[in-house]
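Colleague: Now for the letters of each chain:
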Amino acid sequence: MSDTVIPVHRLTADELSARTRRRYAAERRFRYYGIAALSFAFFFLIVLFASIVSNGWSAFVQSSFAIAVKLDRTVIDPDNTGDPNVIRAADYTKLARQALYERLGVDAESRPERRDANGLLSRGVDTQLREAVLGDPSLIGQTVSFNLLANGDVDALLKGAISRDVPEANRQVNDRQVAWADRMVEEGVLKKRFNTGLFTFGASSQPETAGLLVAIVGSFFMMVVVVLLAVPIGVAAAVYLEEFAPRNRWTDLIEVNINNLAAVPSIVFGLLGLAVFINFFGLPRSASLVGGLVLTLMTLPTIIIAARAAITAVPPSIREGALGVGASKMQAITHHVLPLALPGIMTGTIIGLVQALGETAPLLMIGLVAFVVDVPSTPLDPATALPVQIYMWATSAERGFVERTAGATIVLLGFLFVMNAAAVYLRKRFERRW
Amino acid sequence: MSTGMLILALVIIFPLAMFVGRTRAGVLNRGSQRLHSRPVYHGVYLALMAILPALFVIVVWGVAEPLIINNSARGELPQTVLDLPVAEQNLVMGVINNLADGYNRLSDDELAQMRAGADGTQRMLAAKGIFLPSAPEPFMVDVAEHMASAKMTSRLLAALVSAVAAILGFFIGWRRIAPAMRARNIVERMMLIGLLAASGVAILTTFGIVMSVLFESIHFFSIVPVTDFLFGTVWDPRFSAPGREGAGQFGILPLLWGTLFISFVAMLVAVPVGLFSAIYMSEYASSRLRAFAKPVLEVLAGIPTIVYGLFALVTFGPFLRDTGGAIGLEISANSVLTAGVVMGVMIIPFVSSLSDDIITAVPRAMREGSYGLGATQSETIKRVVMPAALPGIVGAVLLAASRAIGETMIVVMAAGIAANLTLNPLEPVTTMTVKIVSQLTGDLEFNSPQTLVAFALGLTLFILTLGLNIIALHTVRKYREQYE
Chain A
4 MSDTVIPVHR
14 LTADELSART
24 RRRYAAERRF
34 RYYGIAALSF
44 AFFFLIVLFA
54 SIVSNGWSAF
64 VQSSFAIAVK
74 LDRTVIDPDN
84 TGDPNVIRAA
94 DYTKLARQAL
104 YERLGVDAES
114 RPERRDANGL
124 LSRGVDTQLR
134 EAVLGDPSLI
144 GQTVSFNLLA
154 NGDVDALLKG
164 AISRDVPEAN
174 RQVNDRQVAW
184 ADRMVEEGVL
194 KKRFNTGLFT
204 FGASSQPETA
214 GLLVAIVGSF
224 FMMVVVVLLA
234 VPIGVAAAVY
244 LEEFAPRNRW
254 TDLIEVNINN
264 LAAVPSIVFG
274 LLGLAVFINF
284 FGLPRSASLV
294 GGLVLTLMTL
304 PTIIIAARAA
314 ITAVPPSIRE
324 GALGVGASKM
334 QAITHHVLPL
344 ALPGIMTGTI
354 IGLVQALGET
364 APLLMIGLVA
374 FVVDVPSTPL
384 DPATALPVQI
394 YMWATSAERG
404 FVERTAGATI
414 VLLGFLFVMN
424 AAAVYLRKRF
434 ERRW
Chain B
210 MSTGMLILAL
220 VIIFPLAMFV
230 GRTRAGVLNR
240 GSQRLHSRPV
250 YHGVYLALMA
260 ILPALFVIVV
270 WGVAEPLIIN
280 NSARGELPQT
290 VLDLPVAEQN
300 LVMGVINNLA
310 DGYNRLSDDE
320 LAQMRAGADG
330 TQRMLAAKGI
340 FLPSAPEPFM
350 VDVAEHMASA
360 KMTSRLLAAL
370 VSAVAAILGF
380 FIGWRRIAPA
390 MRARNIVERM
400 MLIGLLAASG
410 VAILTTFGIV
420 MSVLFESIHF
430 FSIVPVTDFL
440 FGTVWDPRFS
450 APGREGAGQF
460 GILPLLWGTL
470 FISFVAMLVA
480 VPVGLFSAIY
490 MSEYASSRLR
500 AFAKPVLEVL
510 AGIPTIVYGL
520 FALVTFGPFL
530 RDTGGAIGLE
540 ISANSVLTAG
550 VVMGVMIIPF
560 VSSLSDDIIT
570 AVPRAMREGS
580 YGLGATQSET
590 IKRVVMPAAL
600 PGIVGAVLLA
610 ASRAIGETMI
620 VVMAAGIAAN
630 LTLNPLEPVT
640 TMTVKIVSQL
650 TGDLEFNSPQ
660 TLVAFALGLT
670 LFILTLGLNI
680 IALHTVRKYR
690 EQYE
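Protein chains in written order, with this note's numbering: chain A, 4 to 437; chain B, 210 to 693.
Among the clues, some could well be false.
Computed footprint of chain B on chain A, listed as stretches where at least three residues anywhere in the stretch have a Cβ under 8 angstroms from a Cβ of chain B [to be verified]:
no., region
1, 51 to 62
2, 96 to 103
3, 143 to 154
4, 303 to 310
5, 356 to 363
6, 386 to 400
A few chain B residues facing chain A, derived, Cβ under 7 angstroms [stated by the list, open to error]:
no., residue
7, 355
8, 402
9, 413
10, 520
11, 648
Computed from the model, here is a short list of chain B residues facing chain A with C-beta under 8 angstroms [unchecked claim]:
no., residue
12, 486
13, 575
14, 582
15, 586
16, 608
Rather than coming from a laboratory, the hints here were simulated on the basis of the structure. Don't be surprised by glycine CBs; every beta carbon is placed ideally from N, CA and C.
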């Protein structure tokens, strides 16, 4: 029996250092992979924000003509009735056009000139004047200065979205209109002003009169419903599971359930809302109440998980102290544990709300994709939501809506940023180390 | 009085009853015998006694009323309608329901006009915000009138009965308030029941999801055979025009393929990037970089998916198409690649944050042993840390995959519409979620297979993601136990 001789190969110094170099190179490469991965994520994030901001910043300004409009009594209310219905039905477009003709020096006899001049104004100007007059009927007969909205094409021209180099035949605004617009810009009449309409208008087929108000109000109602329902239910469930629940199958089932619900695709919650709230309970379609209910069910797991974490973080000594001086278990929880867990619960709630505010898919299922012009006054009125409005604008073809879509996205991200900042502030301000 | 008003009334009654109960207990407290519970508990006790019975009445009423009224209305329908198929009967009932709603909003003149069967009824109601699918026939107006009056009576009765219940409850509660009563124990027991009920909402939600999706799916499968749905390779749900037979074809395979294909591309992006980010952050990064990088990655998770969808639609899709064109590749703007890459970026944080936790949980001793044997840091990670963390990482990846499969808005905006069985990532495909959205938005004709199929797709999606989640949560939990 001969011993197997293991051939020992002694590495030379050169080989050894070569191997070490290789290993160190591998080490550096590995490190670079990590840096590359992180940089990829950051790069993408920056590109994402840059693309949204560069597309959307121009939505916050809108071209308008600062013109004095003569609110002629003979046009608005010839019989001096003061009846709101008469005032409402008056031809305000005519007034606006008249004022513009005078300012531009349009030959009132020439049809093509008049048509081109009309094309400079938005179709929304009649609403603009009507609202003003209805709001203050004493304006009738006076000459009042207005910022009349310019047509979407003029707006695009001013923002450079319509190029002057395009031959006239292929351009939405003709040479005469361009010349007029340039003159008005020079005289300081036509200007890009802050776009208040973005926050005060509802849905519209013209980009210049389309705004987010309906969506913001709808989203607000939904958030109110979520806060009113999800927070009490979520906190109650968390208290039960952390403080009272015996360890048994039922509790296990609830826990597995909550974890799984947190990972169910949001669109499935939309199907639930459609089948249960709309078809079974007969709640109205397109109502923000239904949207709020669906979002409540969706955010509930997030809030329960966050509230449980906050409750567990309260040290047992607090409970024992309370019980020791004769409090009942319920008193120990409501008087001591919950107030101490409150900051954590609020942070979790805000995170849940952020999630709910950005959610789109389930709302599409329950008919919140509606063309709603009137601002909803109750949660039962038809409404839309911010992200859904983004979706609707993104899928419409006009150039003016591209900028508005990105503008609406900036508004949505702004809301989310503020809420997140609030959550971070709460955490920093009230964080307690035991 | 509507249900909402009744509940509002109870909300107002609650603090009032509480105040009364507290004052009463306070008065008793001045007597010779000391109170068992503090006055505030007596107050809450009285308030609960006042509103709970009434609330019970309102809820039961709200569920039972439509059932009873609809049933009795159905009994009044003429035989000709009763002979129709159920779907058409439902249509008639729908018109009657809408008419009945209209009764409260019409003036007497308009009502007379409607009873006379004038032509303009439909338009008149539309002006009041009630839309009828067809002009009402005289018998419908009759039934609707009965229904409307039955509803009125029922509302009044509901208000009356709940008021009686509230008063009775309040009275009994008032009588029971006594120094010896253990108000606190009763109130606390009620609270405990409330807490238990709240934790049951999660179960109820799951139950609701399963039942609603399952119920409508069964409905769908009674029209389209299960085998055609599961094994069909053609997706073509034509909206059947009047006079055209056939419901179209509902093969799920092209959609399932599209979903898996896009998710696969997304995972190709998210897994390496997420994993390497996690490794770098947990093993190499200084604490300052970590404090900066972790929140930034979480921002990626916090951005609403609609924003990613918009980015894919207006920036990334056209960019890919143009670059492809520049190097002679024909890339569709809504290709698998567009949706997949953007979705991949979205799920990077899901992979990275969970992996980060898992890698950090690997005990320090294992790393130190490896260093002691002379291994470099990367060798330690590759040979020691990764194998130890593998089950947990697999769980994280599965969770991310289930996110990708269920993701909706990115694919709705950036993926294709046409169902397409292709292996080419430069062509568009469509997914299950896209089809759920497109089948259910717009005008709905319920009970048609074209809309019901959305629920069958939803069921498939639910089962798929649930399966992935259960496996993932199980592996992650097993892994945690191993090192705790």
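Colleague: Could you run down the list of hints and mark each one as holding or not?
Modeller: Do the hints match the structure? See the list:
{"no.": "1", "hint": "51 to 62", "in the structure": "holds (count 4)"}
{"no.": "2", "hint": "96 to 103", "in the structure": "violated (count 0)"}
{"no.": "3", "hint": "143 to 154", "in the structure": "violated (count 0)"}
{"no.": "4", "hint": "303 to 310", "in the structure": "holds (count 3)"}
{"no.": "5", "hint": "356 to 363", "in the structure": "holds (count 5)"}
{"no.": "6", "hint": "386 to 400", "in the structure": "holds (count 5)"}
{"no.": "7", "hint": "355", "in the structure": "violated (19 angstroms)"}
{"no.": "8", "hint": "402", "in the structure": "violated (10 angstroms)"}
{"no.": "9", "hint": "413", "in the structure": "violated (9 angstroms)"}
{"no.": "10", "hint": "520", "in the structure": "holds (5 angstroms)"}
{"no.": "11", "hint": "648", "in the structure": "violated (10 angstroms)"}
{"no.": "12", "hint": "486", "in the structure": "holds (5 angstroms)"}
{"no.": "13", "hint": "575", "in the structure": "violated (18 angstroms)"}
{"no.": "14", "hint": "582", "in the structure": "violated (13 angstroms)"}
{"no.": "15", "hint": "586", "in the structure": "holds (6 angstroms)"}
{"no.": "16", "hint": "608", "in the structure": "holds (7 angstroms)"}
This entry does not satisfy hints 2, 3, 7, 8, 9, 11, 13 and 14, going by the numbered hints stated previously.
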